[in-house]
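K.L.:
What follows is each chain in one-letter form.
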Amino acid sequence: MCYKRGKDREEVQELYWEKDVETLPREELYELQKQRLQRTVQNAMRTPFYRRLFAREGINPEKIRTPEDLRHIPFTTKEDLRQGFPFDFLAVPLEEVVRLHSSSGTTGTPTVVYHTKDDLDRWTNQVARCLYMVGVRKNDIFQNMMSYGLFTGGLGMHYGAERIGALTIPIGAGNSKRQIWFLKHFKSTVIHIIPSYALLLSTIIRGEGLDPRRDFNLRIILLGAEPHSEETRRRIEDIYGAKAYNSYGLSEMNGPGGAFECLYQDGMHIWEDYYIVEIVNPDTLEPCPPGEPGEIVLTTIFRDATPILRYRTRDVAALIDEPCSCGRTHRRITRIQGRTDDMFIFRGVNIFPMQIEKVLMTIPEVGTNYRIVLERKEYEDTMRVEVEIKPEFFFGDLQKLERLQERIADELRAEILVTPEVVLVEPGSLPTQEGKAQRVFDLRRL
Amino acid sequence: MAHQVSVFAENKPGRIEKIARILAQEGVNIRAITISSANGFGVVKILADQPQKAFELLREHGLPAYLQEVIAVVLEDVPGGLHRVARILAENGINIEDAYGFVIEKGKTAVLVIQVENEPHAQSILERNGFVLLSDEEIYRL
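Those protein sequences? They're chains A and B, same order as listed.
Residue numbers for the first sequence follow the working numbering, so the first one is 670 and each next one is one higher.
Residue numbers for the second sequence follow the working numbering, so the first one is 7 and each next one is one higher.
Please note that the accuracy of each hint is not assured.
[As the list claims (entries may be wrong)] Each pair of labels, with its calculated beta carbon distance range:
1. Glu900(A) to Glu103(B): 31 to 41 Å
2. Ala1083(A) to Lys24(B): 27 to 37 Å
3. Asp1011(A) to Ile41(B): 32 to 42 Å
4. His854(A) to Ile102(B): 30 to 40 Å
5. Glu103(B) to Asn844(A): 20 to 30 Å
6. Lys24(B) to Arg740(A): 55 to 65 Å
7. Gln31(B) to Phe744(A): 34 to 44 Å
8. Ile41(B) to His854(A): 29 to 39 Å
9. Met1030(A) to Asn101(B): 42 to 52 Å
10. Leu73(B) to Gln1068(A): 37 to 47 Å
11. Lys24(B) to Leu954(A): 46 to 56 Å
[Unchecked claim] Calculated cross-link-like contacts (lysine to aspartate or glutamate; reagent style DMTMM-like; alpha-carbon spacing at most 20 Å):
12. Lys1059(A) to Glu143(B)
13. Lys59(B) to Glu123(B)
14. Lys59(B) to Glu1061(A)
15. Lys747(A) to Glu1061(A)
16. Lys1069(A) to Glu144(B)
Hints are computed from structural coordinates only; laboratory data are not their basis.
No experiment lies behind these values; they were computed from the predicted model shown.
Beta carbons are placed, not taken as given, at the ideal position from N, Cα and C, and that holds for glycine.
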């Protein structure tokens, strides 16, 4: 049984979803950015946050006319978004808002991004552009293995695929047996998946006696939500016998569709009619020349409900200035090479060590020193949280310690949404450092 | 009443060595030792001739240690010796939470160390039934 539909020849030959914009000459793209930036700054003046910021800094919004003028505006941080909860970044009346997305509440308050109907329409178009770029067409069967809900990865990609006309299966994350069942019976041609899960899933597929190359009909794998290396991509391509494409997005900047690889798999095009991209040195905050890694700073220029100017993403990458062989004029960024804060991504979930610390500090039986060890065992990522037990809470009872271990794991899961392995260690046995302690030991070879 | 020292230890090489070294250096003699382990860690229980000293030494070395009362019953080292004690406790509805034993004189005397919830109660029942319970001093002299 195979549900794959016939190929539409004309469509397959066409390379671009929106040829005019995607290949717009740089000077014209610059003009477009100018117009949209000016409009965005005017719009931002309707938000309490930016009105206060511009007043405090004595910035005349009329003077912000070109991407170069942006440097007069201070950066916006995640902390600003958090403190602005719920409406300080909202630029339209609430009745114009049709959806919100939210990133995981890391230290209590989540960050919220609102979308108008037009915003969603543009975001969907942006995702469709990315999918079309890597060859997704209406005859494809798209199995979306990302979480639906507040997380942008699921819904964002879903609507883009529907816009192209692909048969879109909103299966969501997890439940490997069901994923495999769909892959086998519907012969899905495109999947959207977290790279570490792609590796794990392959072992489960083999465990069921199936061969991903022989028993499935995959041709495109969209990798998202987790930085990974070129080696990991090649491995995934090899296992599944399909092309795998890297993508970049964050909920503050809509989500998926922010930057995406083209067929050449050499850096991710960042849609410059949607964003103004800057790469800055995280210490000096001065611009980095192309090719030099720095922190990605993004400004939305095509979004109404939640305009964000100069957002510090904390993600590190370099700008690629050279023209791409695919003909698109929008510049590229390299793979994400790291973070400028201590956030790490585990099984697609963004986690700050502070979240773990906060939980541990509410448990009187554990000491103040702890360590988070991330490892890749075979195809599965593991997180081990090592905590020192306090001598005064030891009563010679093994069962009590086992219950403590379970309690710590439960409370951590409630906060970070994944269950770590909790290891109780003797007080003083964890290495201590002078100054800022290193808490996270990421031994995964991504 | 006798005392037992419990120590928290990670499940990795060298932990027993460390505990034994600390006690040996200060002349504490270990009469019996048991180890029970769970998920990555264990609890070592020690019956020593100087429990208070052992407890303090281990604490000084930063190990989570705990000093608690246990019942040390003298048994005959013959078939049925343990059964006699166990039966009395069972008949009185006393649950044994942990136990270990050691022989003092082969064929003659053994000691059973037990942990129960209500120790004074168990102690009086055993004494009423003619069992001899050892104190720390008596264990010291063994």
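K.L.:
Against this structure, judge whether each hint is valid.
P.N.:
Hint by hint, here is what the structure shows:
{"no.": "1", "hint": "Glu900(A) to Glu103(B): 31 to 41 Å", "in the structure": "violated, 53 Å"}
{"no.": "2", "hint": "Ala1083(A) to Lys24(B): 27 to 37 Å", "in the structure": "holds, 36 Å"}
{"no.": "3", "hint": "Asp1011(A) to Ile41(B): 32 to 42 Å", "in the structure": "holds, 38 Å"}
{"no.": "4", "hint": "His854(A) to Ile102(B): 30 to 40 Å", "in the structure": "violated, 57 Å"}
{"no.": "5", "hint": "Glu103(B) to Asn844(A): 20 to 30 Å", "in the structure": "violated, 42 Å"}
{"no.": "6", "hint": "Lys24(B) to Arg740(A): 55 to 65 Å", "in the structure": "holds, 59 Å"}
{"no.": "7", "hint": "Gln31(B) to Phe744(A): 34 to 44 Å", "in the structure": "violated, 59 Å"}
{"no.": "8", "hint": "Ile41(B) to His854(A): 29 to 39 Å", "in the structure": "violated, 52 Å"}
{"no.": "9", "hint": "Met1030(A) to Asn101(B): 42 to 52 Å", "in the structure": "violated, 36 Å"}
{"no.": "10", "hint": "Leu73(B) to Gln1068(A): 37 to 47 Å", "in the structure": "violated, 19 Å"}
{"no.": "11", "hint": "Lys24(B) to Leu954(A): 46 to 56 Å", "in the structure": "holds, 50 Å"}
{"no.": "12", "hint": "Lys1059(A) to Glu143(B)", "in the structure": "violated, 31 Å"}
{"no.": "13", "hint": "Lys59(B) to Glu123(B)", "in the structure": "violated, 25 Å"}
{"no.": "14", "hint": "Lys59(B) to Glu1061(A)", "in the structure": "holds, 17 Å"}
{"no.": "15", "hint": "Lys747(A) to Glu1061(A)", "in the structure": "violated, 39 Å"}
{"no.": "16", "hint": "Lys1069(A) to Glu144(B)", "in the structure": "violated, 31 Å"}
Hint check: violations occur at hints 1, 4, 5, 7, 8, 9, 10, 12, 13, 15, 16; the rest are consistent with the structure.
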